[in-house]
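Chemist: Sequence:
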Amino acid sequence: MSANVFHFQRFSITQDRTAFKVGTDGILLGAWADDTAVSHALDIGTGTGLLALMLAQRCPGSRIDAVEIDASAAAQAAENVNRSQWSERVQVMNTAVQTFTRRTSQRYDLIVSNPPFFAAQAGLSARGQREGTRQTTMLTHEELIGCVDLLLAENGRFCTILPIAAAGAILKNAATHKLHCTRKTAVRSMPHKSPHRMLLQFERVAKPAQIDTLTIETAQHHVYTDEFIALTRQFYLSFVD
Numbered sequence: 071m072s073a074n075v076f077h078f079q080r081f082s083i084t085q086d087r088t089a090f091k092v093g094t095d096g097i098l099l100g101a102w103a104d105d106t107a108v109s110h111a112l113d114i115g116t117g118t119g120l121l122a123l124m125l126a127q128r129c130p131g132s133r134i135d136a137v138e139i140d141a142s143a144a145a146q147a148a149e150n151v152n153r154s155q156w157s158e159r160v161q162v163m164n165t166a167v168q169t170f171t172r173r174t175s176q177r178y179d180l181i182v183s184n185p186p187f188f189a190a191q192a193g194l195s196a197r198g199q200r201e202g203t204r205q206t207t208m209l210t211h212e213e214l215i216g217c218v219d220l221l222l223a224e225n226g227r228f229c230t231i232l233p234i235a236a237a238g239a240i241l242k243n244a245a246t247h248k249l250h251c252t253r254k255t256a257v258r259s260m261p262h263k264s265p266h267r268m269l270l271q272f273e274r275v276a277k278p279a280q281i282d283t284l285t286i287e288t289a290q291h292h293v294y295t296d297e298f299i300a301l302t303r304q305f306y307l308s309f310v311d
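Using this note's numbering, the first residue of the sequence shown is number 71, and each one after it goes up by one.
Since the hints were made in silico from the structure, they are not lab data. Glycine is no exception: its CB is placed at the ideal position from the N, C-alpha and C atoms. It is possible that part of the hints are untrue.
To be verified - Below, computed lysine to any residue pairings styled on SDA-like, alpha-carbon distance capped at 25 angstroms: (1) Lys-248 - Asn-225; (2) Lys-277 - Ala-239; (3) Lys-254 - Glu-287; (4) Lys-254 - Ala-279; (5) Lys-263 - Val-92; (6) Lys-91 - Glu-224; (7) Lys-91 - His-291; (8) Lys-242 - Pro-265; (9) Lys-91 - Ser-308; (10) Lys-254 - His-110; (11) Lys-91 - Pro-233; (12) Lys-91 - Lys-242; (13) Lys-277 - Gly-216; (14) Lys-242 - Gln-168; (15) Lys-254 - Asp-311; (16) Lys-242 - Thr-210; (17) Lys-254 - Ser-264; (18) Lys-254 - Ile-281; (19) Lys-248 - Val-275; (20) Lys-91 - Ser-259; (21) Lys-242 - Pro-261; (22) Lys-242 - Pro-278; (23) Lys-254 - Arg-177; (24) Lys-263 - Phe-298; (25) Lys-91 - Gln-79.
As the list claims (entries may be wrong) - With beta-carbon atoms standing in for the labels, derived distance ranges: (26) Lys-242 - Ser-157: 37 to 45 angstroms; (27) Val-293 - Ser-157: 21 to 29 angstroms; (28) Arg-80 - Ala-107: 15 to 23 angstroms.
With these hints in hand, go ahead and build the complete structure from the sequences.
Modeler: Okay, here's the thing in structure tokens:
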């Protein structure tokens, strides 16, 4: 398999012109997000279009909007969508989500985002496009939550994945907008490792949160746990029955 093309069971992602490559985080989020009663979904910062296509596969009949501020990434995402069987249901837009939020009247049953990981540091020099993509220079977590608040339907869900260290800040930001965490999954690479990522779901209505832990591999590298296989079985080629 070429490093520039990632093949899934029902679609492929070409990624030679975008800095944000297909990774486990995005696949986890796309498989974990609750797809119940989704008519309209939004992917904020779609990158290659991975999450938009995963949602299109999981939510038959739904309309998926995907916004991406980087022109090259947006063009590649659009190409990936156009090569898929869901091209009529997925729309990629090259725009900032702040601009999109001001212009749209659509409200979404499901919003997903695999956002930048690191808060921008003043005076930080650019070290290439990928590093820039992973810093919150164009979209802070505060802005992300603010846009989600305006775009989310009354009974909608917002799902995201973050490093453990960043989860507290986004939980606090969400609380200021009365977005309640209703589901939380800590992700660890192996049983003896500490969790390094957190999958989070937010809703407008407060309810007891479902809390659990997902382990990706067994004690042996590249031997995957039953729970990880069950979650991602419909996507990875290696998990085809």
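Chemist: If a hint holds in the structure, say so; if it doesn't, say that too.
Modeler: Here is how each hint holds up against the structure:
1. A C-alpha spacing of about 13 angstroms is found between Lys-248 and Asn-225, which places the hinted pair at or below 25 angstroms, so the restraint holds.
2. Pair hint Lys-277 plus Ala-239 holds up; C-alpha atoms about 20 angstroms apart against a cutoff of 25 angstroms.
3. In summary, the hint linking Lys-254 to Glu-287 is supported, as the alpha carbons are separated by about 19 angstroms, within the 25 angstroms threshold.
4. A C-alpha spacing of about 7 angstroms is found between Lys-254 and Ala-279, which places the hinted pair at or below 25 angstroms, so the restraint holds.
5. With a CA separation close to 23 angstroms, the supplied pair Lys-263 and Val-92 stays within the 25 angstroms bound.
6. With a CA separation close to 33 angstroms, the supplied pair Lys-91 and Glu-224 exceeds the 25 angstroms bound.
7. A distance of roughly 22 angstroms separates the Cα atoms of Lys-91 and His-291; the hinted pair therefore holds under the 25 angstroms criterion.
8. With a C-alpha separation of about 20 angstroms, the suggested pair Lys-242 and Pro-265 falls inside the 25 angstroms cut-off, and the hint holds.
9. Distance restraint check for Lys-91 and Ser-308: the Cα-Cα separation of roughly 19 angstroms lies within the 25 angstroms cut-off, and the hinted pair is therefore satisfied.
10. For the suggested pair Lys-254 and His-110, the alpha carbons sit about 23 angstroms apart, so the restraint of at most 25 angstroms is met.
11. A hinted pair counts as satisfied when its Cα atoms are at most 25 angstroms apart, and Lys-91 with Pro-233 qualifies at roughly 17 angstroms.
12. Annotation: proposed proximity of Lys-91 to Lys-242 is violated, straight-line Cα distance about 29 angstroms (limit 25 angstroms).
13. For a cut-off of 25 angstroms, the pair hint linking Lys-277 to Gly-216 stands: about 21 angstroms separates their Cα positions.
14. Between Lys-242 and Gln-168, the direct Cα distance comes to roughly 20 angstroms. Compliance with the 25 angstroms bound is thereby established for this hinted pair.
15. A hinted pair counts as satisfied when its Cα atoms are at most 25 angstroms apart, and Lys-254 with Asp-311 does not qualify at roughly 29 angstroms.
16. Straight-line distance between C-alpha atoms of Lys-242 and Thr-210 comes to about 14 angstroms, which keeps the hinted pair within the 25 angstroms bound.
17. Between Lys-254 and Ser-264 the alpha-carbon distance is near 16 angstroms, which keeps this suggested pair within the 25 angstroms criterion.
18. For the hint pairing Lys-254 with Ile-281, the CA-to-CA distance comes to about 5 angstroms; that is within 25 angstroms, so the pair holds.
19. Between Lys-248 and Val-275 the CA atoms are separated by roughly 8 angstroms; this keeps the pair inside 25 angstroms, and the hint holds.
20. Simply put, Lys-91 and Ser-259 have alpha-carbon atoms about 19 angstroms apart, close enough for the 25 angstroms limit, and the pair holds.
21. Between Lys-242 and Pro-261, the direct Cα distance comes to roughly 29 angstroms. Violation of the 25 angstroms bound is thereby established for this hinted pair.
22. Proposed proximity of Lys-242 and Pro-278 is supported: the alpha carbons are some 17 angstroms apart, at most 25 angstroms.
23. In summary, the hint linking Lys-254 to Arg-177 is supported, as the alpha carbons are separated by about 24 angstroms, within the 25 angstroms threshold.
24. At roughly 16 angstroms between alpha-carbon atoms, Lys-263 and Phe-298 fall within 25 angstroms of each other, so this suggested pair holds.
25. The straight-line distance between the Cα atoms of Lys-91 and Gln-79 is roughly 18 angstroms, inside the 25 angstroms bound, and the hint therefore holds.
26. Checked against the hint of 37 to 45 angstroms, the C-beta distance between Lys-242 and Ser-157 comes to roughly 39 angstroms, which is consistent with it.
27. For Val-293 paired with Ser-157, a C-beta distance near 36 angstroms fails the hint of 21 to 29 angstroms.
28. Distance hint check: the CB atoms of Arg-80 and Ala-107 are about 22 angstroms apart, consistent with the given range 15 to 23 angstroms.
Hints 6, 12, 15, 21, 27 from the list above are not met by this structure, while the remaining hints are.
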